[in-house]
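Number 162 in full-length UniProt numbering belongs to position 162 of the sequence shown; there are no gaps in the numbering.
What the hints contain is simulated information worked out from the structure, not anything from laboratory work.
Derived CB-CB ranges, DEER-like:
1) T136 / F111: 26 to 32 Å
2) F4 / N83: 19 to 25 Å
3) K22 / A170: 48 to 54 Å
The beta-carbon is built from N, C-alpha and C at its ideal position, and this holds for glycine as well.
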Amino acid sequence: MVIFYRSDAVTPPATIYMGKDKFENEDLLRYGLERDVWFHVDKLSSAHVYLRLPDSVTDWESIPEPLLVDCSQLVKANSIQGNKKNNLTIIYTPWSNVKKTGDMATGSVVFHNDRKVRRFHVKERDTTILNRLAKTKVERDVDHEAERQQRLKDEGREKKKKAIEEKAAANELTRQRQKEAEERDYSRLFSEEAMAESRRKAGKRSPKADEGADDDGLESDDSFM
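Kindly produce the complete structure, drawing on both the sequences and the hints.
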């Protein structure tokens, strides 16, 4: 059973989810998405809370603070010890950075890279936020493998669509460049023809000019005859 919440801290709303128990958390660790961000109370036992980054958030390090607050309040509220404490530290990292090995206890994890773990301070429990999130709570059984297969199909279609769009854009760019090259060639050809015509006209002697010139190219003067 997976528990889902909707956070209106961003637009469009973001999905936050967690397993109902530590065994469900094992499945969530196995079937997470690249856009999922994992949250947990630092150094205390708590639920594993996941944020599925909405399209409006470019990467896990750019999560708006109101959304961080929503996730952190859920983590705190779902920690037996943490829920009773103030001034907690919540840690979060991309799902892909969470590491699980076969010899580890159920629910235990480590990280591939500790430098990709961030911390967020929670001063105290905020009932207003928790009540708002509780109104969006939905519990449902999830067939993780079926969802994974569907996700792969969707991603495949999206990649194919993107590839077609990129190819069309590349073809259009090639066509535009060819058109520009042809226009430059035509302009140059026209310029060369115009220059040739100008030279031809300049080299052709005017009949009227020839009438008043002798064989040596000097004008005759009948006044001396």
